[in-house]
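Residues per chain, in single letters:
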Amino acid sequence: MSDYQFPRWTDAVRPVMGYAAIIVPIYLVGLMTFAFSADNLNRGYAPVQPMPYSHALHAGQLGIDCRYCHNTVESAAMAALPSTSTCMNCHARIRPDSPLLAPLRESVASGNPIEWVRVHDLPEFAYFNHSAHLSAGVGCVECHGRVDQMDVVRQEENLSMSWCLECHRDPAPRLRPQDQLTNLAWETTENRELLGQRLIAENNIHPRQDCSTCHR
Amino acid sequence: MSSHPISLEGDNQAGDLSPKVARFGLGLAVVGLGVGAALGFLSNDHDGYSHFWFAYLIAFCFVLTIVLGTLFFNIIQHLVNAHWSVSVRRLSELTMANIPLLAIFALPLLVPLFSDDVELWKWAAMSAEHQGVAEMAHDVAQDAAAAPHDLATELEHVEHQHFVSHKFPFLNRNFFALRVLAYFLLWWGMARFFFRKSVAQDTAEGIAPTLSMKRVSAVAVILFAFTISFFAFDMLMSLDETWFSTIFGVYIFAGSYLSAVCWLVVMAKFLHSTGRLTKVVSDEHFHDLGKWMFAFTFFWGYIAFSQFMLIWYANIPEETHFFAARLTSSWSGWTWCLLIFHFIIPFGGLLSRHVKRNTNVLMYWAIYMLIMHWVDMYWLAMPNYQRGEVGAGNPFGAMEVLLAVGMLGVLIFGIGRKSAAQALLPLRDPLLGKCLKFKNL
Amino acid sequence: MTNDKNFYGVLAEFEDPTALCKGAERVRDAGYKNWDCHSPFPVHGLDDCMGVKFTRLPWIVLAMGITGLAAGVWLQWWTNAVDYPYDISGKPVWSLPANVPVIFEVTVLFSAFTAFFAMWGINGLPRWYHPLFRKSSFAKATDDGFFLAIEAKDPNFALDRTSDFLNTIGAKTVEEVREADEPAGLPAAIKAKLWITAAALLVPMAMVYSSWDATTTQPRVHIIKDMDKQDRFRAQGQTTLFADGRMSRAQVVGTVAEDQWFEDSSFVSGKDGDNYLTKMPAAIVVDSDFILDGQKNFEIFCSPCHGAQGAGDGMIHQRAVTLAAQGLAVWVQPTNLTIKRIMDMEDGKLFETISNGLNTMPHYAAQIPLEERWAIIAYVRALQQQYGDTSLSAEELAVMTPAARGDLILKQQGCTACHTTDGTPLVGPSYKGLIGSEVPLISGETVIADLAYITESLREPLASARVGALAGVMLPFPQLTDAEIADIFAFLSTLK
Amino acid sequence: MASSVIPASIDHEDIFPAALVQGDNTLHSVTEMVCGVLEAPKPPKSWYVIFTIAVALLGVLGAMIVYLVTTGVGVWGNNQPVAWGWPIVNFVFWVGIGHAGTLISAVLFLFRQDWRTGINRFAEAMTIFAVVCAGMFPAIHVGRIWVIWWVFPIPNQMSMWPNFRSPLLWDVFAVSTYFSVSLLFWYMGLVPDLATVRDRAKTKARRFWYGLFSLGWTGSNRHWHRYERAYLILAALATPLVLSVHSVVSFDFATSQLPGWHTTILPPYFVAGAIFSGFAMVLTLSIPARKMFGLEDLITARHIENMCKVIMATGMMVGYAYSMEFFMAWYSGNTYEGFAFVNRAFGPYWWGYWIMVSCNVLSPQIFWFKKARKNLYIVFIISIFVNIGMWFERFVIVVTSLNRDFLPSSWHYFSPTWVDVLTLMGSFGLFFTLFMLFCRYLPQIAISEVKNVMPQAHPHLDNH
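Protein chains in written order, with our numbering: chain L, 1 to 216; chain H, 1 to 441; chain D, 1 to 496; chain Y, 1 to 464.
Honestly, the hints are just simulated from the structure, not real lab data. None of these values were measured; they are calculated from a predicted model. Every clue listed holds true.
Pairwise CB distance ranges, derived in the manner of DEER restraints:
1. D:A283 / L:D210: 37 to 45 Å
2. L:G18 / Y:K202: 27 to 35 Å
3. L:A109 / Y:I148: 50 to 58 Å
4. D:T239 / Y:G72: 23 to 31 Å
5. D:P219 / L:I22: 34 to 42 Å
6. L:Y19 / Y:S410: 53 to 61 Å
7. Y:S410 / H:Q142: 36 to 44 Å
8. Y:P455 / H:R192: 36 to 44 Å
All C-beta atoms, glycine included, are put in the ideal place defined by N, C-alpha and C.
Can you build the whole structure from these sequences, using the hints too?
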């Protein structure tokens, strides 16, 4: 036999192992739960755009309706980003020489669109239709938050699958009358749940929950 | 290796106990079967005493499965050369030897089989007036022309008829009777062989009888597997003529072996109370029997769950109606009772080694499981009585209890008679020494 | 007991299992507490000889098995029935039969792990160092040696007495065992590493804490990017397929899409031949829904400039005026849509204006679908009915002075949107003191503002545009008659 | 009155079988024999040969997996309607092999079958390696193996949970539980033997590594007491576990509505089949291994004969299930069921079916003869036959049921591609590589358990 012996201090390792056996799993589960949470990974995205467009000014202060620029939202799957000409409706005469609007003028001159950065970007295996949601009575604010208060648009909701399903399972408290869809500040004294139930009954709303609803 | 000579103190002969037991059994049988039958025949509920025959079949299957379980107990112990069970093997032999006696009590079942008025096996009457599906479809077409609103019902009837008439080559009165006769002959043959050889070993000089039992056990176990399966299909599964389940034979086997082990516990404990076998059947043997009870409670649960879950999950109409009937009607109470009292409670109750080593507690569990075995049989058969009829309930009363007790009386009578002639344990079994010495870990 | 801290105890070797059992019985009867036997396999019967109490392990396993059962139930209930219920193969979200297999597996898993780890735990293993290992003879304990060791900390222990005792009960050999002569605690270096590791474990937690709901310009972290981005067509996307890099393609020149073709071309142009339609195209039925649709679109597209009531005072106008005052905008007030000129304007002309723009108003054909443009017109008409000018009868006009009539005409035609009567310059020059003044024209000439000049400015504003004016901003007013122009002149002449 | 004295000195091989340890062995010589294998400076030449072949096949497996992952599952023969083709056949095959290990270590332990001691370490190691091979197939079958963690209930970015109503998820839990428990069971059995190796170690490295993994085992009787209790509990847990694992595997098929898959006997039938194939594999491995490493005294003719009997019994159970399925297919009157079974025997895969029947039901019948059970060549050949037959059983169940499903227009003849075939061969490479390493570096026989069944181990105490 070789005379190798484990040193005496290895005895002191045992309590450490005992604590580790309890703490490490709790630590890992806790860390994973929070670190991999969609709330942690998905929310808060506010990319730098090619020019500093403020929704807080245009939609909030000036009260321009969302649909002035995103005009396809009610009739198409995608809420179109406005073309440069839409901007130029006003900016041909308002602040026509502002250096901040230089990209706009370049776009007009070159005919190339401004490359806005998409903020709310679903994975491409998920099908989403804006018009269907609007006609069901889901307001912009339910998914996009108070854009009318944002200088820079920021992703407020996690847009995870379970988040989508939450509403598909229980749409009532998230529905609103058709004339308030784009009113981000809308509030009502009526019970949202009851109102939602009424709208569901009136408009025959049955959100689907099977896989092929979104994965088609 | 050889065993040490061990002297067996205490009484291992039934002696004057046999006639007492036989008399008790006879009394039980006469009272139980007599009053039960009288109750059945007094309360003719306009369907040819069907209710009575259901109750009789349940009682008969209840006792017969115990006996078949003891037969299997015997076969398997020889097959695997087990030593722990030698001390209680004679008890199982005394039980299994009553197969011919029970065969006599199968004879009354010829009445519902061959009578057109009694609805026990519904296919029996159907097979007698067998009409081809094509002819039926023709009739339906004609009827539909006359009264169109009945078409759906009629077609359902034809479909049902199709499933059933397909089986008539197998499910018909004569072949059924012939098959049951064959089962009893085979069982009788096996039981007789093992009983005689085991008794012969008591006085033999060598171990030739033990060796021949060991040789035959391998073939016997195969015969047993097929006979008990087809017996289960014939007697119980065909009560619902369209239902089928490949695991059904195993299900009946699980209940059968479980109740047989319980029966051995009850017998051994009874003999202990009369001062017999006290030195021979020790706590260790009860512990092992208790393990079997626990194991087969679990195995029964496993088989029952496999059968239920697969049928529930696939939800195919021709299978699922069996459980639909037992889960959605007033039968659901019995189904839950079976789950809780036949599986969950005894599983918890038999888990501890302390329970298995406390013979009094173990005996109560054994009696309890025997009662649950009867409930199992009742649950399998009785929902077919007045199946699908409006107002059909779950008839349970004195008649069911009396018939079951009476049939047990028959078994006790038979055991009492058989026990007179020889010792209560295989005296010169070569493994007896090992059996008396072993200790559980 | 002994006072030597490093003295562990005595180790005795026995011949065989039988001797060991017999020896153990004696040691048990002598009242020793801290002692143990060591053998290469479990010697059956030794437990009784040593008086080992039956272990409580089964109860621990049972408790953890029940915990596992509950955990299995809870896991499936929480995940499938509460937190994330979804419909698969028509099974209820909480369907016990389907949950039994996993409940069973989790129960077994918990029980088995407990049996394993609790056994080592109660045994105090792993314990890599043991004073007995220091005896080379003890190596036989895992081969064919049978040992009995009594620890020095046993109250009954006394070195000589205990050794003699072991010799008397059949020990082959008796040895004294000492602990290794080294410190028992963790070395400082290892301790430090442990603390560093513990501290390092806090870093990921801090990172998660700081990233929670934090605003970032970086795109979200998608752990599995798989199929997140696909090479497929999506509206307004980019592609390498076309030279201009756009996925959205312009319509092929010279083609008409199916839904762009209308039998009634006036629906698209607002014109019947060269003339503007004076009413809605035949295809349109004006009802309350149509007008409400018009209202919605008016409020989206028109009200920012023209104001919710069409008065030409929308939020954009108000901001533009402020900016214009700072020289940051070149602004013309949007037309008041409820003045007589617009009320008198043909539907077709209004349609053309919305579609193609007019003067400073941009075109909206790209933003507003055809039918909704007509709906907007229907709504504008409704606004005009509510807020528009109520015209005076011919009799009433006849009794008015020419100057009063001229004032009325200026208001009805919307001139006052750009021109004031009090001398304040707006988009256009003020009317005050205009008549009789010298006007420098952009053509270089200078003219006296008289009836002829006023007539020309109204008929052909471009020709008579004056220096400093926004040339081309003012519309021509061909609809005004000579009499009306005379009335206007009369009114302007009063403004000195 | 019959004699109340038991006949002494009756000796017969069938009733009192031969000793479990043959030859003139002492406790020490058993240690020497088992430890000698892993202490030998070099393993036998045959070890190198097998190990080289195994590692080469393992390389093939690695290459196939890389090819699969980089290219996609289209490289396999799987297609509609046989979407569950080759990989699932292999999965069920390997899981089945694994079951004998648990059966030998746990079930036979509960049944007090002492003869298990010679082969249980072997069988347990085999279980673990087979489950590793088995687990690999569903993992690569999902196609995107980097998302395989989706099957575990781990908090994730989608905020989704797996669907616990799916039999495939039951599989995940069953197989991973089975693997974990088998590993614990195996390791627990190894600890005292590793301590033996530690105490005999000649080098510092060996003493350290074997010392590390033997956890400081001293053979303390107080430890042995709890150890044996824990072993019993693990055995008692592993027994229903082994039942549940292959039952759950059978649920993958039986919960569906596909004729040929949906039949209630499938759970016990699969379990019996698994034990059957597992025992065959134990024989296939132990017959050459006992020769190669000179362990004939410990893995005796009696062990092999007993295993033959188990094979015969489980083969019969499988045969019982085959016949019940056929009978019920007819008895049910369900046309589709009937067709599925006729198609099995006489359809395009008739050859698979008859290979299965002849290997599984017919070939073990030779074990009725004691001479056959004693002839190592026959036993070895039959064990190979059973392995083949059980592979074909899974093939028949998976492929014949799927290739002619409800829609005749989608009927399609499945044939494996070369990637399929090489992956299966590669899985054997994985198995044998692990097994050969085990044979070389760990005690192949449970030393302490073998000693425990030797006559020397029993104390002779007068008062008992």
